[in-house]
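Participant: Spelled out, the chains give:
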Amino acid sequence: MLSRLPSCFRLPALLVLLALGGALLARPTQAQVQRPDETPNPDDVPRATGAYAIEDARVVVAPGDTLEGATVVVRDGLIEAVGRDVDAPYDAAAVEEATGVEEDDSLVVHAGFISGLSHAGIPQSGSSEEEPDVKRPGAPPPEVAGLQADRSARALLDPEENTLEDLRAAGFTAAHTVPRSGMLPGQGAVIQLAGDSPSGMVLRESASVFAQFEGAGRVYPATDMAVIATVRQLLREAARRQALGERYEEAPQDLPRPRYDDLHAALSPVLAGDKPMFFFTDGALGLHRATRLHEELGFPLAMAGLQQSFAATETLTEIQSEGDAETADVPLFLSLALPEEPDDAPDATPDTARADSVRPGAVSGAVADTTQPDSVGVGQDTTKAVSPQAPGSPFIRDYRTRSYEDTDGERENLLARRGLFAERYYANAATLEDAGLQFGFSTKEADAGDIHANLRKMIEYGLSEEDALAALTTDAARLLGLSRRLGTVEEGKIANLVVTDGALFEEDTAIRHVFVDGEPFEYSAEPAGGSEGEAPPAEGVNPAGTWEIEISAPGGTQTGTLTLEGAPGNLSGTIVTRGEEQTLEDVELSGSDLSFEFDGGQVGILSVTATIEGDTMEGLVTVPGYGGVALEGTRISGPE
Amino acid sequence: MRFLTSLALLLLVLAPAERVAAQEDGPSQGIVDLYEAREERDDWLIQDATVLTVTNGTIEDGDVLVQDGNIAAVGEDVDAPGDVEVYDASGEYVMPGVVDAHVHIGISNVNEATNPVTAEVDVGDVLDPFDVALYRALAGGVTTSHVMHGSANPIGGQNETIKHRYGVTDPGELRFEGAPGTIKFALGENPTRVHGTGQDIQPSTRMGVEHVIRRALNRAERYAAQKEAFQNGERAAPPEYSERLEALADVLSGDLQVHCHSYRADEIVMLMDVLDDFGVDDVTFQHVNEGFKVAPELAEYGAGASVFADWWAYKFEVYYSTAFNAAILARNGVLTSINSDSGELDRHLYHEAAKTQKYGDLSKNQALKLITINPAKQLGIADRVGSIEEGKDADLAIFSKHPLNIYTVPQRTYVDGVKRFDHADDPSDVRLFVDPEAPVPATRAGHTAGHAGTEEHRCMHGAFRMGAFARKALQQ
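Residue numbers (this note's numbering), protein chains in the order written: chain A, 1 to 640; chain B, 1001 to 1476.
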């Protein structure tokens, strides 16, 4: 893949890639990420000291609590001292103000960020394995059905996994990490985002039972409704077994011996209320569905994702305020991903085509105008006040298409509404903040390189900086039950720190040092979030060529040919299945993630997302109203 | 500025219209969603209309008083509180909201097609209040729908009766509170094709379909007996818990009413025999294209029939059909309704009902019953909806002309007294949710998310997934 690097590859791009975790780059070139005490072979020479001092820094002890000109001393993984009168110990390595920092700018120290949900450290499962041949699709083996609640994230941890480095570079030092794939992929662990061994990274081994509304493709449970039925089945049967087991312990005579199995046993702590069932769900619908299961079955709930939670603040307020704050709180973690505007977004120039297309007397018999409370921005750029960067022209509530030839105006109107709707996502965090809800952040769906730009956008749309920092640190620690160990820059806490060269949420501020467990990582002066906008394609990933694809349908596997042409950023192609050729729409490559849509005839528009690794791809075909089915592909020719 | 922005956004999400209006010069209009700012008034006086009560004749120049979402009074010159909002419906017709006994809108999934018996799954768990089809149905006077699991499995999942409260965002608020539970069964070509042809498992034949159903109900009987034995102390431990058998036991006890997809006379009689053997009385046959051949038998069993007006020949088992089906069934004493099974047809069920006047000479009132009180009876909700009577829910549809007139235009639709559709105020884009990442097509003629075509709402949706490339007319 390295050989396919564009020849125009230049240093700035390289830096961005590094911030994003350009994992494919060979390690010797990573001059910008190195430990101060790095030696040619660190294993041979013991480190001289485990102590570091950051002197004359601005220390954000906790959101809203700042010390100027203070010193932070880190020793052997803990914060040893914080304060203005603290002297750096003789044996502490000084954390230098890296080159490029102005003389009068001091370093700023924050508590390390905590991600409420992530797959950090959990490698993608190998794609080479053949899908098991399931004789009865209605009763597949548990691992095929996605029922693996007995798996532990710790057991799957790989300290070399790429996301760890990416998240660290964005200031994250700890995360609740969960296994991948299926409705019950396994148990989450809270980990430090660096370490030599899996067990050395673990803060809490079994923190949750992770759940998501993800069907098993061509076998049961294929749909969300079957996933929900399966949650009921498992928890109710687990309860039966538990009750039976307790009776058996007391008086085994005449009782059938309770059957033990790992899956039901793994759910016992959830039944007992000791561990949350931790749902990932992006949509408002999933949020309601998880909440309903929680209310029906009584298990402790936590949720992450929640990109549409602005539509469910009432429900969230209800479940967060039920019971006492200590035990019955429902932890919420908001996705740090934000929707990306599709390519067909209109330019900012207001159109004129629609001005006279409002149906007269549309609203309550009067000509629609902006003074009507329920008329939406007619003829006036009301969006400007909402957003500093309002996309496009205003939405006209009562727009009427006058002729079949005049669909452009209608299209613009729909684009305008879409733009307004995107803003609700940007303002989602602010909406929750204003509703008095407590939340942390989830990095599960977010590209690490986009996180800081997205945070700035959330702040631009009303989230206070203090609450943003709290969601990254103190609130996240509290919601994960780790407040005594993490979340603030205080003596005795674990030395997870983020050191920046300016105010955290300023665009030109860069993260210079990150400490995990007292271990320093140093970064260049590239701004923390990298440049705004889409992630560039991961190095070397070029999806062009001809691919043989396999789509798992219930009656067997369907094969087809996918042809992709053009360069990343300008891709097009076709797909042929069963002799029918369809043109691909909206072909996009973000990182190594490919997405496109095509017309599936009677089933509607099918959207495909796939991750490309070398000459293989693995992904999902989403069928409207049904859900996802697995797709695999192998490149048989190209790219040139 | 930051404060203002955040305040405005909060208002947009939470505030009723008045508060938004009070936000002077604010950016309030920007992203108010169409229904969040809408009033939820449920007190009305609908005045001087022709009131088609369906159960108590027609009142010329009648009034309907709606209070707290219920029908408080019906008659000529009804007394009303002075401050009630009046709608002058002179020259217009008021009928009870249409009840659609079979449709697949407002749900995220239709078929769990992986197993021949999936009694444990429930479309009520995956209600989707954002489906714009709910609004489109309102625009055709529909206020209640029986949203069903698909017909891929001999015993499919549980259905949900919903009200078209389009504008709510909590899926639970769509539910028709207190409506009896129902479950989908399916006979004939669909289940044999999905499981027999598609996956090479039983059932491959109509015999196999019968066996799958009998075996499932047998197991449920044993399961219920084991549970009872445990409760009586005759058994040391309860049987292994099964959501599936719990649901099937509810079928046996009558707590879940059977709604069975069927076409042919022989299979209809077969299922009545099976249910009779298990002591199950409550059954409504869906589609029932050959119902006219066994109308006396259906009537004797007390089975309901929910049919199409004139839709057939989309596959082999539906060639032997007639547009007289509804009339023949009704005249033989079968409780009969006409359903849509479609997110398009449900907008004009009043046309479908009218066809029974052409094909079968049903009276106007008999025809209206097919889409109001009769389906309400089949769904066990006739005490609440299906006619205009004092004390019932104020689910009302107002038409410009008689609803069976081909030139009629729906004017307003009320659900629980709340105006959910108004022909005079019908915004250009009624979606509650817009995907900020979805491209906007050049025209809306194509089917895209949020502007779902009718294909999405049909019976076999999800049954074949990618196999759908090859299928031709799989619907129904």
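Honestly, the hints are just simulated from the structure, not real lab data.
Yeah, the Cβ is synthetic: ideal placement off N, Cα and C, and Gly gets one too.
Please note: incorrect hints may appear among the correct ones.
[Claimed, not checked] In silico negatives: residues of chain B with every beta carbon more than 10 Å from chain A:
| hint | residue |
| --- | --- |
| 1 | 1109 |
| 2 | 1128 |
| 3 | 1238 |
| 4 | 1240 |
| 5 | 1244 |
| 6 | 1250 |
| 7 | 1300 |
| 8 | 1333 |
| 9 | 1436 |
| 10 | 1439 |
[Claimed, not checked] Derived coverage of chain A by chain B (criterion: at least 3 residues anywhere in the stretch with Cβ under 8 Å from a Cβ of chain B; other residues may be distant):
| hint | region |
| --- | --- |
| 11 | 108–115 |
| 12 | 197–206 |
| 13 | 221–228 |
| 14 | 402–415 |
| 15 | 419–428 |
[What the hints assert, rightly or not] Result set (SDA-like, lysine to any residue): computed pairs, CA atoms no more than 20 Å apart in a straight line:
| hint | chain 1 | residue 1 | chain 2 | residue 2 |
| --- | --- | --- | --- | --- |
| 16 | B | 1227 | A | 245 |
| 17 | A | 135 | B | 1208 |
| 18 | B | 1227 | A | 232 |
| 19 | A | 457 | B | 1196 |
| 20 | B | 1227 | A | 248 |
| 21 | B | 1293 | A | 258 |
| 22 | B | 1227 | A | 240 |
| 23 | B | 1227 | A | 258 |
| 24 | B | 1227 | A | 341 |
| 25 | B | 1227 | A | 239 |
| 26 | A | 457 | A | 274 |
| 27 | A | 135 | B | 1227 |
| 28 | A | 457 | B | 1227 |
| 29 | A | 135 | B | 1212 |
| 30 | A | 457 | B | 1255 |
| 31 | A | 457 | B | 1204 |
Participant: Next step is simple, just say for each hint if it's right about the structure.
Facilitator: Here is how each hint holds up against the structure:
{"no.": "1", "hint": "1109", "result": "violated, 4 Å"}
{"no.": "2", "hint": "1128", "result": "violated, 6 Å"}
{"no.": "3", "hint": "1238", "result": "violated, 6 Å"}
{"no.": "4", "hint": "1240", "result": "violated, 7 Å"}
{"no.": "5", "hint": "1244", "result": "violated, 8 Å"}
{"no.": "6", "hint": "1250", "result": "holds, 14 Å"}
{"no.": "7", "hint": "1300", "result": "holds, 35 Å"}
{"no.": "8", "hint": "1333", "result": "holds, 36 Å"}
{"no.": "9", "hint": "1436", "result": "violated, 4 Å"}
{"no.": "10", "hint": "1439", "result": "violated, 5 Å"}
{"no.": "11", "hint": "108–115", "result": "violated (count 0)"}
{"no.": "12", "hint": "197–206", "result": "violated (count 0)"}
{"no.": "13", "hint": "221–228", "result": "holds (count 7)"}
{"no.": "14", "hint": "402–415", "result": "holds (count 6)"}
{"no.": "15", "hint": "419–428", "result": "holds (count 8)"}
{"no.": "16", "hint": "1227(B) / 245(A)", "result": "holds, 18 Å"}
{"no.": "17", "hint": "135(A) / 1208(B)", "result": "holds, 18 Å"}
{"no.": "18", "hint": "1227(B) / 232(A)", "result": "holds, 18 Å"}
{"no.": "19", "hint": "457(A) / 1196(B)", "result": "violated, 54 Å"}
{"no.": "20", "hint": "1227(B) / 248(A)", "result": "holds, 19 Å"}
{"no.": "21", "hint": "1293(B) / 258(A)", "result": "violated, 54 Å"}
{"no.": "22", "hint": "1227(B) / 240(A)", "result": "holds, 12 Å"}
{"no.": "23", "hint": "1227(B) / 258(A)", "result": "holds, 17 Å"}
{"no.": "24", "hint": "1227(B) / 341(A)", "result": "violated, 56 Å"}
{"no.": "25", "hint": "1227(B) / 239(A)", "result": "holds, 15 Å"}
{"no.": "26", "hint": "457(A) / 274(A)", "result": "violated, 37 Å"}
{"no.": "27", "hint": "135(A) / 1227(B)", "result": "violated, 31 Å"}
{"no.": "28", "hint": "457(A) / 1227(B)", "result": "violated, 57 Å"}
{"no.": "29", "hint": "135(A) / 1212(B)", "result": "holds, 18 Å"}
{"no.": "30", "hint": "457(A) / 1255(B)", "result": "violated, 52 Å"}
{"no.": "31", "hint": "457(A) / 1204(B)", "result": "violated, 57 Å"}
Hint compliance for this structure: hints 1, 2, 3, 4, 5, 9, 10, 11, 12, 19, 21, 24, 26, 27, 28, 30, 31 are broken, all remaining hints hold.
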